[in-house]
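So you can see what is in the structure, the chains are spelled out below.
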Amino acid sequence: MNNISNYILPIIALVIIVYGLIHKVNVYESFLNGCKEGFNVIIDITPTIITMVFAIEIFLKSNFMFNIIKNIRLISPEVLSMMILRPVSGSATLGILSDVFSKYSPDSFNGLLGSLIQGSTETTIYVIALYYGSIGIKNIKNTLKIGLIVDLIGILLGFFLAYFFFL
Amino acid sequence: MISLIWTFLIFIGTIFYFITGNVSNINNDLITSINSGFDLLIKILPGIILWSGLMKIAEESNLLNKFSALLNPLLKKLFPSIKKDSKALDYISSNIAANMLGLGSVATPFGLKAMKELQKLNPNKKEASYEMQTFLVINTAGVTIIPSMVITLRISYASTNPFIILIPSIIITFLSCLFGILINYLWRNKS
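Those sequence lines, one after another, are chains A and B.
Anchor point for the first sequence: position 45 equals 44 in numbering that gives the first Met the number 0, and the numbering is continuous, going up by one each time.
Anchor point for the second sequence: position 177 equals 176 in numbering that gives the first Met the number 0, and the numbering is continuous, going up by one each time.
Take the hints with a grain of salt, since some may be wrong.
Stated by the list, open to error - Okay, the calculated bits of chain B under chain A, using three or more residues with CB under 8 Å as the criterion:
hint : stretch
1    : 79-86
2    : 137-151
To be verified - Reference listing, derived: stretches of chain B covered by chain A, where coverage requires no fewer than 3 residues with Cβ under 8 Å from a Cβ of chain A:
hint : stretch
3    : 121-131
4    : 174-187
These aren't lab readings, by the way, just hints derived from the structure by calculation.
Beta carbons: idealized from backbone N, C-alpha and C, even for Gly.
Using the sequences and the accompanying hints, generate a full structural model.
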């Protein structure tokens with residue numbers, strides 16, 4: 000399993016580049032242009048990340064969460080904060096995940112659970128507000144309810160999979 | 000919403016520093032908190048650059064289009080009422096294809112265009128149509144197959160097995176997406 004998954008990224012890269020070459024794309028130029036766009040993405044997200052991480056760090060370093068959930072041993076206060084903030088802000092939870100990795104290592108139970116939460120759930124509230132807001136929908140019916148139920152299912156599944164697969 | 004949460008985090012944090020008598024550290028932590036943001040950016044930077052470069056090639060060689068075309072038969076089943084001449088399905092499949100590869104910033108513009116097309120087909124412009132709900136439930140459940148940012152961050156923090164999350168991640172994504180579509184279908188007549 001370990002060995003197979005190490006092949007995924009290089010094979011995807013190779014397939015994309017070779018496919019591009021066959022279809023007469025100037026792959027060097029394309030990659031270069033992609034990098035430029037990548038830099039623009041980074042410039043776009045930098046203020047958001049800095050602003051969100053700033054608040055997250057103050058919140059986490061104050062040990063507030065730690066005092067709230069003193070009695071829960073398995074899940075760290077950081078990962079619990081991730082569960083709560085995930086539907087609202089992806090930058091915030093990415094910032095917390097970075098803290099989890101440096102504090103407990105990416106391969107610890109908390110590191111794995113955090114990875115699964117970040118990787119397989121979405122910023123539900125943000126997406127709903129943005130998508131419906133853009134076309135002026137006022138009555139969103141059950142969308143938010145279903146979105147949050149599904150988030151909860153995702154987090155619970157993440158917990159069980161992290162527990163049974165990795166612990 | 001974001002504003003409130005942001006204020007809440009800083010407010011609770013600062014008050015708790017005061018309560019616990021940790022005031023000597025707060026000044027230092029205020030400054031290093033900004034650095035933490037930069038550190039995180041440096042750590043995810045290689046992932047963003049690498050994917051942007053590769054995806055540009057995939058885009059210009061039409062590989063991305065081919066990939067999203069693979070989704071069309073499935074999407075036609077999920078959105079049976081969308082007529083063939085509407086561009087909505089194209090945008091929906093591009094949005095989902097980009098999301099599958101963990102490219103959120105690429106996916107969003109397609110998603111917004113898809114909503115615009117769905118709104119054209121919507122009889123009541125103030126109320127979400129069933130198709131919009133299905134599309135958003137899929138989007139909020141997440142369809143990520145390769146969570147590229149998380150994997151980049153894991154590699155940056157020297158994980159012994161950065162890709163180990165791949166299979167469980169796909170299981171979660173698939174099950175929660177399926178469940179979301181199912182609830183949405185069962186609740187379609189409930190307001």
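These are the hints, each one checked on the structure:
1. 79-86: With 0 residues close enough to chain A, the hint is violated.
2. 137-151: It holds, with 10 qualifying residues against the three required.
3. 121-131: holds (count 5)
4. 174-187: With 8 residues in contact (Cβ-Cβ under 8 Å with chain A), the coverage given for the stretch 174-187 of chain B holds.
Hint compliance for this structure: hint 1 alone is broken.
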